[in-house]
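Undergrad: Listed below, chain by chain, are the residues.
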Amino acid sequence: MGSAAEFFQHLMNGLTLGGIYALIALGYTMVYGILKFINFAHGDILMVGSYIGLFVYNAIRGQILGFWTIIAFFLSMLVGMVFSAVLGIAIERIAYKPLRKATRLAPLLSAIGVSFILSNLAAWMWGTKSKKLEYPFNNAPLHIGGVAITPHQILILVVVIVMMVALKLFIDRSRMGKAMRATSLDQDTAKLMGVKVDRIIALTFAIGSALAATAGFLIALEIKVYPSMGTMTGLKAFVAAVVGGIGNISGAMVGGILLGLIETFGVALIGIPYGLRDTIAFAVLIIILLVKPEGLLGKAEKEKV
Amino acid sequence: MILLETKQLTRAYGGVIAVSKVDFEVEQGLITGLIGPNGAGKTTLFNNITGLDVPTSGTVHYKGKEITGKSAHSICRMGVARTFQNIRLFKELTVLENVMVGRHFKVGTSPTKGRFGSVLKSFISLGNEEFEMKKEALHWLDFFELGELSDELAKNLPYGHQRELEIARALATEPSLLFLDEPAAGMNPQETEHLMSTIRRIRALGITVVLIEHDMKLVMNICDTITVLNYGQNIAQGTPKEIKRNPLVIEAYLGKEDE
Chain A
1 MGSAAEFFQH
11 LMNGLTLGGI
21 YALIALGYTM
31 VYGILKFINF
41 AHGDILMVGS
51 YIGLFVYNAI
61 RGQILGFWTI
71 IAFFLSMLVG
81 MVFSAVLGIA
91 IERIAYKPLR
101 KATRLAPLLS
111 AIGVSFILSN
121 LAAWMWGTKS
131 KKLEYPFNNA
141 PLHIGGVAIT
151 PHQILILVVV
161 IVMMVALKLF
171 IDRSRMGKAM
181 RATSLDQDTA
191 KLMGVKVDRI
201 IALTFAIGSA
211 LAATAGFLIA
221 LEIKVYPSMG
231 TMTGLKAFVA
241 AVVGGIGNIS
251 GAMVGGILLG
261 LIETFGVALI
271 GIPYGLRDTI
281 AFAVLIIILL
291 VKPEGLLGKA
301 EKEKV
Chain B
1 MILLETKQLT
11 RAYGGVIAVS
21 KVDFEVEQGL
31 ITGLIGPNGA
41 GKTTLFNNIT
51 GLDVPTSGTV
61 HYKGKEITGK
71 SAHSICRMGV
81 ARTFQNIRLF
91 KELTVLENVM
101 VGRHFKVGTS
111 PTKGRFGSVL
121 KSFISLGNEE
131 FEMKKEALHW
141 LDFFELGELS
151 DELAKNLPYG
161 HQRELEIARA
171 LATEPSLLFL
181 DEPAAGMNPQ
191 ETEHLMSTIR
201 RIRALGITVV
211 LIEHDMKLVM
221 NICDTITVLN
231 YGQNIAQGTP
241 KEIKRNPLVI
251 EAYLGKEDE
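Just so you know, the protein sequences line up as chains A and B, in that order. Under the working numbering, think of the first position of the first sequence as 1, with each following residue one higher. Under the working numbering, think of the first position of the second sequence as 1, with each following residue one higher.
Source of the hints: derived by calculation from the structure; they are not laboratory data. Treat the numbers as computed from the prediction; the structure is a model and nothing was measured. The beta carbon of each residue, even a glycine, is placed where N, CA and C say it ideally should be. Hints may be right or wrong, so weigh each one.
Stated by the list, open to error - A few chain B residues that don't get close to chain A, going by computed Cβ distances all over 10 Å: (1) Thr50; (2) His73; (3) Pro189.
Claimed, not checked - One-sided and incomplete, this derived list gives chain B residues near chain A with beta-carbon spacing under 8 Å: (4) Leu52; (5) Val54; (6) Gly58; (7) Glu66; (8) Gly69; (9) Arg82; (10) Phe90; (11) Glu92; (12) Thr94; (13) Met100; (14) Val101; (15) Phe105; (16) Val107; (17) Phe131; (18) Met133; (19) Arg169.
Claimed, not checked - Cβ-Cβ distance ranges computed for the label pairs, FRET-style: (20) B/Ser74 <-> A/Ala59: 36 to 46 Å; (21) A/Arg173 <-> B/Glu152: 15 to 25 Å; (22) A/Lys101 <-> B/Gly15: 58 to 68 Å.
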């Protein structure tokens, strides 16, 4: 193991990556919690949100740097979030809702179909060449005790933390959050308590998709935006949700951050070749499925009588 | 006044007719018992009235309006609440949260607000809505003397308390009409006694109660009127005394007991 500074450096990198996974994993887990269904188009909703955010940002940013570009940055992110939220609701309404009473396989296949449609549409409309977000400000790293932290990393961590806290508050403490939890536990009974379950499902898709768009926009900040960007990131975030315990909100947060750390430390400290980095997540998935299939924070599900 | 009425209500599952052309009336302010042997269609009738199931044919009218086939949440919002034979609490929510869900549509919903207006408001006024819901929810918990257990997870409650909590949650929706599906199932005689006084207290609030029950002592004691189902059909209707003497009922149901 290297020096302490090196360790903290990787920790920082791992946390940033993990935070992004966590934001995406939340969408998978929330939808699963309510519909017992994996929304395989989630990664592509993220991609669309990133493109929209990027277009808006590059259009309004102008040449000014500094404080105002930060406002422009958050405004663009917000537009991307809203767009993705509406897209998520529309996809649910058109491609999943009519299949709610069909076999379990049907909505899953529908989701895979939606995923291909979105990524192909994006490639057709916006081209396959990746696009880069103009930096909102000077990204020269700050050196704190030998650890290089970029302003982007700080921005990502702040956004991730704010989103998570807001979501936790909403789910645990708000009226709609309670209705959401009730719906995920027993849909029929929630209906009989006057909860409009269809509305709650739409809300779940909206929140999950908005979080995915946020994550995508943060990825745009660090890497690039391209039509298939949602595929691998989405799959890994899905792994994170399973690792944390699918259906469990805190589990998705823990799973995402853990996965980010494992990937970073796996390459940096254990010496897994960088080319195999993407396989780490899936190795972790297999191990979890063998050792604790319900996930770290998940509960072993009893068969319903 | 007739509060609720089904006309020729039929529910068939493929070839099996669970409920057949049932005319069922609920008089406002009375406690109505719904009895009959297992499989007579009592719970199916409840499901078809409360919107969990849709009748194959026939109608349901509530307060003079037809509600046949309406969604469960809108029927609930009109003032019809229920409990289940096999308790269906939100097990992973606390006692208080269970009752708060019953207050869901009472707080913060107004016809002028848009779809997601209420979501936004729910988030912004986190504290306010929460406070309002909590206050009312605690009131119903106190009604059942469950206030001290409010932070327990529902699944950790003893059986008798779970039954009470389910009724508290239903009452939190402020119903005019409450359906109880075998509320005394699994209770010992003291608990059943206590339940009877609770049901009378609920009636005293001006709520009309309909209950499915197998405990004949309870039914005969507190019901003002009784409807008997057998093989999905309404075979008798009347006061407890009339029902006890009805030869059809004795043959179908009470004949097995020495009453």
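Undergrad: Against this structure, judge whether each hint is valid.
TA: We went through each hint and held it up to the structure:
1. With a least CB separation of 6 Å from chain A, B/Thr50 falls inside the 10 Å interface cut-off, contrary to its annotation.
2. Residue placement check: B/His73 does not keep its beta carbon more than 10 Å from all beta carbons of chain A (closest about 5 Å).
3. At roughly 27 Å from the closest C-beta of chain A, the C-beta of B/Pro189 stays outside 10 Å, upholding its exclusion from the interface.
4. Because the closest C-beta pair between B/Leu52 and chain A is about 6 Å apart, less than 8 Å, the hint holds.
5. Interface hint at B/Val54: violated, since its Cβ lies 13 Å from the closest Cβ of chain A, which is beyond the 8 Å cut-off.
6. Checking B/Gly58 against chain A by beta carbon gives a least distance of about 21 Å; that is not within 8 Å, so the hint is violated.
7. The beta carbon of B/Glu66 comes no nearer than 19 Å to any beta carbon in chain A, farther than 8 Å, and the hint placing it at the interface is violated.
8. A cut of 8 Å between beta carbons decides the hint on B/Gly69: the least distance to chain A is about 14 Å, and the hint is violated.
9. Evaluation of the B/Arg82 hint against chain A yields a held restraint, the C-beta minimum of about 6 Å falling below 8 Å.
10. Below 8 Å, beta-carbon pairs count as interface contacts, and B/Phe90 has one with chain A at about 5 Å; its hint therefore holds.
11. About 6 Å separates the beta-carbon of B/Glu92 from the nearest beta-carbon of chain A, less than 8 Å, and the hint is met.
12. Taken as an interface hint, B/Thr94 does not check out: its beta carbon lies about 10 Å from the nearest beta carbon of chain A, beyond 8 Å.
13. A cut of 8 Å between beta carbons decides the hint on B/Met100: the least distance to chain A is about 6 Å, and the hint holds.
14. Using the Cβ-Cβ criterion of 8 Å, the hint placing B/Val101 at the interface with chain A is satisfied: the shortest such distance is roughly 4 Å.
15. Evaluation of the B/Phe105 hint against chain A yields a held restraint, the C-beta minimum of about 4 Å falling below 8 Å.
16. The criterion of a C-beta within 8 Å of any C-beta in chain A is met by B/Val107, whose closest approach is roughly 6 Å, and the hint holds.
17. Evaluation of the B/Phe131 hint against chain A yields a violated restraint, the C-beta minimum of about 11 Å exceeding 8 Å.
18. Because the smallest distance between the Cβ of B/Met133 and any Cβ of chain A comes to about 6 Å, under 8 Å, the interface hint for this residue holds.
19. Hint status for B/Arg169 relative to chain A: holds, with the closest Cβ pair at about 7 Å, below 8 Å.
20. One distance hint, 36 to 46 Å for the beta-carbon pair B/Ser74 and A/Ala59, holds here, with the actual separation near 44 Å.
21. Distance hint check: the CB atoms of A/Arg173 and B/Glu152 are about 18 Å apart, consistent with the given range 15 to 25 Å.
22. Between A/Lys101 and B/Gly15 the C-beta distance comes to about 21 Å, which lies outside the given range of 58 to 68 Å.
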